[in-house]
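**Q** Spelled out from the first residue to the last, the chains are:
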Amino acid sequence: MKEKEQFNVNNKQPHRDIPMWLLQNDDYLPQKDRERYLSKTLLGILGRLIHFRQQMQIQTESFFSVTFKLIYVFLLIFSIALAHTITFLLLLLAGLLAYICLLDGRQILSLLKPAIGAMVFTFIIIVPAIFLQGTIVMLLPFKVFLSTLLVAALSRSTPFYLITKALGGLHVPSVFIMSLDLTINYIVLLGNTAIDLLQALKLRSVGRNTGKYESMGNVLGMTFLKSQEYAKQTHAAMLCRGFTGEYHVVQQHHWQKKYIIYTMAIMLLLVLFIHIEGY
Amino acid sequence: MMNSLIKLLKVQYEYEDIKALTDISLNIAEGEFVLLSGPNGAGKSTLFKLLNGLIFPTGGEYFFADEKITADKLKDIVFAKKFHKRIGYVFQNPDMQLFNHTVYDEIAFGPRQMGLSEIEIKNRVEQLLTFLDIEHLSQRAPYHLSGGEKKKTAIAAVLSLNPDILMMDEPVNGLDEKSRDWIEQFIMDFSKAGKTLLIASHDKAWQLMPGVRVVNFTSEHTIIE
Ligand SMILES: Nc1ncnc2c1ncn2[C@@H]1O[C@H](COP(=O)(O)OP(=O)(O)O)[C@@H](O)[C@H]1O
Ligand SMILES: [Mg+2]
Numbered sequence: 001m002k003e004k005e006q007f008n009v010n011n012k013q014p015h016r017d018i019p020m021w022l023l024q025n026d027d028y029l030p031q032k033d034r035e036r037y038l039s040k041t042l043l044g045i046l047g048r049l050i051h052f053r054q055q056m057q058i059q060t061e062s063f064f065s066v067t068f069k070l071i072y073v074f075l076l077i078f079s080i081a082l083a084h085t086i087t088f089l090l091l092l093l094a095g096l097l098a099y100i101c102l103l104d105g106r107q108i109l110s111l112l113k114p115a116i117g118a119m120v121f122t123f124i125i126i127v128p129a130i131f132l133q134g135t136i137v138m139l140l141p142f143k144v145f146l147s148t149l150l151v152a153a154l155s156r157s158t159p160f161y162l163i164t165k166a167l168g169g170l171h172v173p174s175v176f177i178m179s180l181d182l183t184i185n186y187i188v189l190l191g192n193t194a195i196d197l198l199q200a201l202k203l204r205s206v207g208r209n210t211g212k213y214e215s216m217g218n219v220l221g222m223t224f225l226k227s228q229e230y231a232k233q234t235h236a237a238m239l240c241r242g243f244t245g246e247y248h249v250v251q252q253h254h255w256q257k258k259y260i261i262y263t264m265a266i267m268l269l270l271v272l273f274i275h276i277e278g279y
Numbered sequence: 001m002m003n004s005l006i007k008l009l010k011v012q013y014e015y016e017d018i019k020a021l022t023d024i025s026l027n028i029a030e031g032e033f034v035l036l037s038g039p040n041g042a043g044k045s046t047l048f049k050l051l052n053g054l055i056f057p058t059g060g061e062y063f064f065a066d067e068k069i070t071a072d073k074l075k076d077i078v079f080a081k082k083f084h085k086r087i088g089y090v091f092q093n094p095d096m097q098l099f100n101h102t103v104y105d106e107i108a109f110g111p112r113q114m115g116l117s118e119i120e121i122k123n124r125v126e127q128l129l130t131f132l133d134i135e136h137l138s139q140r141a142p143y144h145l146s147g148g149e150k151k152k153t154a155i156a157a158v159l160s161l162n163p164d165i166l167m168m169d170e171p172v173n174g175l176d177e178k179s180r181d182w183i184e185q186f187i188m189d190f191s192k193a194g195k196t197l198l199i200a201s202h203d204k205a206w207q208l209m210p211g212v213r214v215v216n217f218t219s220e221h222t223i224i225e
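So the sequence lines, in the order shown, correspond to chains A and B.
Quick note: the first sequence, position 42, residue 42 per my numbering, numbers continuous.
Quick note: the second sequence, position 150, residue 150 per my numbering, numbers continuous.
No lab work stands behind these hints: they were computed from the structure.
Heads up, some of the hints might be wrong.
Cross-link-like lysine-lysine pairs, in silico, BS3-like; alpha carbons within 30 Å at most [said to hold, decoys possible]: (1) A:K232 with B:K68; (2) B:K204 with B:K19; (3) B:K68 with B:K82; (4) B:K49 with B:K192; (5) A:K232 with B:K7; (6) B:K75 with A:K232; (7) B:K49 with B:K7; (8) B:K178 with B:K49; (9) A:K143 with A:K113; (10) B:K82 with A:K232; (11) B:K73 with B:K49; (12) B:K68 with B:K10; (13) A:K69 with B:K122; (14) B:K82 with B:K192; (15) B:K204 with B:K10; (16) B:K122 with B:K192; (17) B:K82 with B:K7; (18) B:K204 with B:K7; (19) A:K232 with B:K49; (20) B:K10 with A:K232; (21) B:K10 with B:K75; (22) B:K49 with B:K19; (23) B:K10 with B:K49; (24) A:K232 with B:K192; (25) B:K122 with B:K82; (26) B:K192 with B:K7; (27) A:K232 with B:K19.
Kindly generate the complete structure, drawing on both the sequences and the hints.
**A** Right under this line is the structure:
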């Protein structure tokens with residue numbers, strides 16, 4: 001008894017009051033609900049494109065405007081993919097360049113880097129085809145450049161969690177969105193894991209490390225194993241909090257005049273597309 | 001005598017060939033504050049998984065609120081939801097426990113699964129944000145938070161279900177002094193308010209907390225009181 005008094009209870013900061021409902025037991029009867037399983041790694045590649053690390057700042061943007069942006073980007077990418085002639089693509093390029101001019105140097109760089117990277121990569125891949133098919137395939141790297149630029153612009157201006165919410169508003173199945181969310185989560189976690197492991201490797205590679213590539217392989221292997229552990233534990237965490245396959249995404253809708261204007265602009269663009277492409 | 005919440009009868013568990021729990025018999029009544037202490041690898045985390053129905057005894061029996069917990073029973077979704085709602089489990093590593101895009105959604109996840117109205121959910125989430133002093137994190141992404149902030153978010157995410165028993169696996173591991181103090185105080189307040197707690201920690205000082213019942217895990221994977 002005397003020992004118990006030695007634990008000093010009073011030297012800590014006083015806490016805020018415990019909410020009342022926490023002190024009572026709930027009378028909870030779960031409802032029946034359909035069970036669905038999720039596939040967690042569906043969109044691993046998509047997530048990598050996105051600059052999720054820059055999303056620290058709080059966004060005041062409404063989900064509604066994000067929904068619109070998503071539709072615009074989707075439509076534009078769709079028309080880029082369908083375009084046969086360079087005229088429409090040049091038109092888009094002009095628009096995008098005008099948009100880019102509004103940004104500062106660092107932001108421009110952060111948009112152009114992935115876009116140019118993707119373009120060069122595509123170009124290298126199709127080089128053999130140029131000899132066989134002629135210059136028409138040269139449209140492909142250009143298309144990739146424009147699409148990547150669009151996606152980069154979207155991700156620069158919109159935090160990823162708002163994008164996944166907006167997808168919910170578009171009636172994209174909840175399990176799909178959940179996969180997207182989890183994927184982003186994993187990419188950040190695994191990115192950190194890989195960096196930690198690589199740093200540990202570097203710190204311990206004193207002097208010459210002859211098996212450097214082997215060690216790098218180990219780091220990748222470990223990262224992979226850890227990803228499985230993460231997936232298992234996250235699934236357990238979801239079960240513990242009552243997850244049975246439904247993922248609820250909550251939406252708020254506000255109409256604004258500017259969406260009408262944006263929508264008209266996109267419509268005009270699509271009409272031009274149809275006209276130029278002669279569909 | 002308070003109602004018994006958890007009853008383990010000679011429970012065993014092995015991971016493939018590795019023994020993790022041997023012959024565990026334990027009773028936890030409503031309102032008790034139980035501290036699991038013992039060396040690394042003794043089986044504390046394994047016991048938490050078993051109590052949460054993530055793994056099942058390979059020998060012996062586990063009763064929660066007089067109901068035997070088996071894999072088959074947890075396949076019934078209604079039963080599983082109710083069972084998980086009644087146990088709040090804060091993982092040792094919060095990284096794996098947080099999977100939503102904002103702290104707000106993280107805390108709202110459980111109540112949404114329960115089917116509460118958005119108004120009630122908002123109420124719960126906001127009170128918890130205030131209670132845990134993390135209002136300013138509401139719209140942040142959990143994976144960008146510091147260790148202490150992640151821990152608080154995980155605790156809030158679990159409390160929003162208003163569980164009958166709160167379980168925490170090594171809650172102060174890797175946290176700085178301020179966060180440790182906060183969690184210590186939180187545990188004492190919570191226990192004083194009559195909530196049931198099961199905490200794993202090898203911090204000797206905690207064995208002196210008021211009202212605590214210490215259960216020692218041995219390196220032979222069993223318990224002595
Ligand atoms: N997923 C697993 N696979 C195989 N063995 C495991 C696994 N998890 C834990 N163990 C083993 O089970 C024993 C108990 O581990 P654990 O419950 O994590 O102990 P504690 O939490 O007390 O440190 C240890 O010997 C550990 O190596
Ligand atoms: Mg452990």
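**Q** Determine for every hint whether it applies to the structure shown.
**A** Hints versus structure:
no.: 1; hint: A:K232 with B:K68; verdict: holds, 25 Å
no.: 2; hint: B:K204 with B:K19; verdict: holds, 26 Å
no.: 3; hint: B:K68 with B:K82; verdict: holds, 14 Å
no.: 4; hint: B:K49 with B:K192; verdict: holds, 26 Å
no.: 5; hint: A:K232 with B:K7; verdict: holds, 27 Å
no.: 6; hint: B:K75 with A:K232; verdict: holds, 18 Å
no.: 7; hint: B:K49 with B:K7; verdict: holds, 15 Å
no.: 8; hint: B:K178 with B:K49; verdict: holds, 28 Å
no.: 9; hint: A:K143 with A:K113; verdict: holds, 15 Å
no.: 10; hint: B:K82 with A:K232; verdict: holds, 22 Å
no.: 11; hint: B:K73 with B:K49; verdict: holds, 16 Å
no.: 12; hint: B:K68 with B:K10; verdict: holds, 14 Å
no.: 13; hint: A:K69 with B:K122; verdict: holds, 27 Å
no.: 14; hint: B:K82 with B:K192; verdict: holds, 25 Å
no.: 15; hint: B:K204 with B:K10; verdict: holds, 27 Å
no.: 16; hint: B:K122 with B:K192; verdict: holds, 27 Å
no.: 17; hint: B:K82 with B:K7; verdict: holds, 18 Å
no.: 18; hint: B:K204 with B:K7; verdict: holds, 26 Å
no.: 19; hint: A:K232 with B:K49; verdict: holds, 12 Å
no.: 20; hint: B:K10 with A:K232; verdict: holds, 27 Å
no.: 21; hint: B:K10 with B:K75; verdict: holds, 24 Å
no.: 22; hint: B:K49 with B:K19; verdict: holds, 15 Å
no.: 23; hint: B:K10 with B:K49; verdict: holds, 16 Å
no.: 24; hint: A:K232 with B:K192; verdict: violated, 35 Å
no.: 25; hint: B:K122 with B:K82; verdict: holds, 21 Å
no.: 26; hint: B:K192 with B:K7; verdict: holds, 23 Å
no.: 27; hint: A:K232 with B:K19; verdict: holds, 21 Å
Going through the hint list in order, the structure does not satisfy hint 24, though it satisfies all others.
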